[in-house]
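Chains as they are written, first to last, in this note's numbering: chain X, 1121 to 1451; chain C, 31 to 382.
Just so you know, the hints here were simulated from the structure itself, not pulled from any lab data. These numbers were taken from a predicted model, which means no experiment stands behind them. Mixed in with the good hints, there may be bad ones.
[As the list claims (entries may be wrong)] Taking beta-carbon pairs under 8 Å as the criterion, some of the chain C residues facing chain X (in silico):
1. 87
2. 157
3. 191
4. 192
5. 353
6. 357
[Unchecked claim] Below, computed lysine-lysine pairings styled on DSS-like, alpha-carbon distance capped at 25 Å:
7. C:260 <-> C:57
8. C:175 <-> C:261
9. X:1447 <-> C:372
10. C:231 <-> X:1159
11. C:178 <-> C:260
12. C:229 <-> X:1159
13. X:1412 <-> X:1379
14. C:54 <-> C:261
15. X:1345 <-> X:1447
16. C:301 <-> X:1159
17. C:57 <-> C:317
18. C:178 <-> C:54
19. C:76 <-> C:328
20. X:1412 <-> X:1323
21. X:1159 <-> C:293
Glycine included, each C-beta is placed from N, C-alpha and C at the ideal position.
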Amino acid sequence: MTTTVKTNTLTLVQAVTDALRTMLREREDVLVLGEDVGKNGGVFRATDGLQAEFGEDRVIDTPLSEAGFTGAAIGMAVNGLRPVVEIQFLGFIYPAYEQIMTHAARIRSRTLGHFTVPMVIRAPYGAGVRAPEIHSDSTEALFTHMPGVKVVCPSTPYDAKGLLISAIEDPDPVLFLEPMRCYRAFREEVPEGKYTIEIGKGKRVREGEDVTVIAWGAMVPVAMKAAEEAAKKGINADVIDLRTLYPLDRELIVESVQKTGRTVIVQEAHATGGVANDLIALINDECFLYQKAPVERVTGFDVPVPFFSLEDHYLPTPDRVLYAIEKAVTF
Amino acid sequence: MERFPIIQIIDEEGNVVLPEYREKLTKELVMTMYYHLIRTRTFDRKCVSLQRQGRIGTYAPYEGQEASQVGSALALENDDWLFPTYRDHGATMTFGHSLVRILLYWKGRNEGCVPPDGKKIFPPSVPIATQLPHAAGAAYAEKRKGTKNAVIVYFGDGATSEGDFHEGLNIASVFHVPAVFFNQNNQYAISVPITRQMKTKTIAQKALAYDIPGIRVDGNDIFAVYFETKKALDRARNGEGPTLIEAVTWRYGAHTTADDPTKYRDQEESKRRRERDPIVRVERFLKQIGWWDEQQIKAMQEKVQAEIEQAVAEMEQFPEANPADMFDFVFATPTWTIEQQKQMYTSWRERA
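Next comes chain X alone, as it looks inside the complex (with noise of 0.2 Å):
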């Protein structure tokens, strides 16, 4: 017997609203906070209808600011409920950092698991969409780096409602990186209801065996032609989407890189102190003995996220990372 499961054609961006309504209607300890979430449905219309649906009680429209809503989240977390808290950009996540780094990341190990603070943090990040200043960020390694925060960044409508709905269900604080450049870029099957997608696994989402190119969120399209343009050449590219940041898919990455021994890392974020960083070391770690080329990484520079009219000197294109996989190639 086989059943079909029924699926709509979305967007990224339509795929969080549907994760988020799927779990406002699954539990009703669910709620949604942040600034113009509810009457407006979110600046990229990511909560559109929810407050229509759900009411101001769980879809809330809160004072502008960050610190208060992201801390009183956890509150509300650590007494029964599981807040969706969405910051309007990444670029804006600053003044909540505290509340992130010092009490959710660590309000666990304080009190020795009594309690927990099992709150979802979303913020659409990144460039390249022709944002005015600040709102172009991509420092997901400032959470990476957190100790007691989970980093999931999805760049396809499937892997982020999964993803979001596993997050949500997640006992720990998590941050849900959503690439703006992806929200609207195209669609694909989601599947209606609820199903989840593993936090801390990645996909393979080329098949090739001469170099591995990993990469996650917005950077995944560029990998992937890239790869198209290596394939040209006779190259072929074992592409993985990372999918999650912290904790980082061990396994997958080891698997490939043992198997293609040479390796491209595609990071929008700034070089120093980037993720890139922590898979080098992973794979130094774990495939040193395999390696047949040094690491290759394509990065955004150490520099602010310029305005937008540089921003595409800024950030990694296909043709600089099709530039380092023949470089890792021909070593």
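Given chain X, put chain C in place with the hints provided.
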């Protein structure tokens, strides 16, 4: 509210309701104000249209708030400091910012953050309320240097919910600095109305918590804004410390060109609010008093149009952004990582 009544000098019909100000409203002053009102409005409308045509990026319009911005900026002295938000270029252009640079800002260019020589205009603050502590510190520096310069800092109603609002005002109050905290209460923080932003009936009353004067003005009455700001600046210069001013106003349009206000509020309200328009009431005043000179006004409009068209042309002819700028201004002396990345980038570009 009774303790913080709205100060008004002219009403919506253009009548002077505080007769003691009648003599202070000289023809020269009023015509200067009117000139800047139409200049700022024309510029704002031009920017919205440039955005629609894709000639600049996302833009934050201020139409409706001109009296607040122009009135307060005209009250400044040349050597004062101005700390704006992204919606305050009506104030910065009145204070002497270059139109070309303001346009470049919205075109995604760093040049837009650079004020003309001699003008202490800070780059617009994009995160909310973060500029308030800066203003307190800049004012402290003026005090320490023993100048008579003051600082004005702009922010909206939503900003009062941020921690930096409290921290900036508290520091200014404790350090007793020459700063004016100029709030434009346009009653909406994107989609969130002021009634959901705070339970207090006024923003001015928050001054009580810092034991500083809290003044509430009709933000669409340029005379009230101008004279109350001037008084606050005088107090600042005389060592009497900071003031919080709440200018009650309204933004007719969207938060930015990226949002649709019909999603979250009845835009009929904006139409009704046009009856209290800050420019219309000055026109009524000018007509009543007999200073309305059709030819002079026409010449003024033409001058403003020509200036704006010229600025747009200069913005569009401005040299392309230079990628080297990304690397060259992060530190006084670039670190080796930045040097190396610049090198990599440059050689890669040459190769491509």
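Status of each hint after checking the structure:
Because the beta carbon of residue 87 of chain C sits about 5 Å from the nearest beta carbon in chain X, less than 8 Å, this interface hint is met. For residue 157 of chain C, the interface hint holds, the least distance from its beta-carbon to any beta-carbon of chain X being 6 Å, beneath 8 Å. Interface restraint check: residue 191 of chain C against chain X, minimum CB-CB distance 4 Å, threshold 8 Å, status holds. Look at residue 192 of chain C: its Cβ gets to within about 6 Å of chain X, closer than 8 Å, so that hint holds up.
Restraint check, residue 353 of chain C versus chain X: the minimum CB separation of about 4 Å is within 8 Å; hint holds. Satisfaction of the interface hint for residue 357 of chain C is found here, the shortest Cβ-Cβ separation to chain X being roughly 6 Å, below the 8 Å cut-off. For the suggested pair residue 260 of chain C and residue 57 of chain C, the alpha carbons sit about 18 Å apart, so the restraint of at most 25 Å is met. With a C-alpha separation of about 22 Å, the suggested pairing of residue 175 of chain C with residue 261 of chain C holds against the 25 Å cut-off.
For the given pair, residue 1447 of chain X sits about 19 Å from residue 372 of chain C by alpha-carbon distance, which is consistent with the 25 Å threshold. For the proposed pair residue 231 of chain C and residue 1159 of chain X, the alpha carbon gap of about 22 Å is at most 25 Å, so the pair holds. Proximity of residue 178 of chain C to residue 260 of chain C is assessed by CA-CA distance (about 14 Å); at most 25 Å being required, the pair is judged to hold. For the hint pairing residue 229 of chain C with residue 1159 of chain X, the CA-to-CA distance comes to about 19 Å; that is within 25 Å, so the pair holds.
Distance hint between residue 1412 of chain X and residue 1379 of chain X is fulfilled; the C-alpha atoms sit about 11 Å from each other, no more than 25 Å. Between residue 54 of chain C and residue 261 of chain C the alpha-carbon distance is near 14 Å, which keeps this suggested pair within the 25 Å criterion. At roughly 17 Å between alpha-carbon atoms, residue 1345 of chain X and residue 1447 of chain X fall within 25 Å of each other, so this suggested pair holds. Distance check on the hinted pair: residue 301 of chain C and residue 1159 of chain X sit about 21 Å apart at the alpha-carbon level, within 25 Å; holds.
A hinted pair counts as satisfied when its Cα atoms are at most 25 Å apart, and residue 57 of chain C with residue 317 of chain C qualifies at roughly 12 Å. This hinted pair checks out: residue 178 of chain C and residue 54 of chain C have alpha carbons roughly 23 Å apart, not beyond 25 Å. Our distance criterion of 25 Å between C-alpha atoms is met by residue 76 of chain C and residue 328 of chain C, whose separation comes to about 18 Å. In summary, the hint linking residue 1412 of chain X to residue 1323 of chain X is supported, as the alpha carbons are separated by about 23 Å, within the 25 Å threshold.
Restraint check: the Cα-Cα separation between residue 1159 of chain X and residue 293 of chain C comes to about 7 Å, which is no more than 25 Å; the hinted pair holds.
Comparing the model with each numbered hint stated earlier shows that all of them hold.
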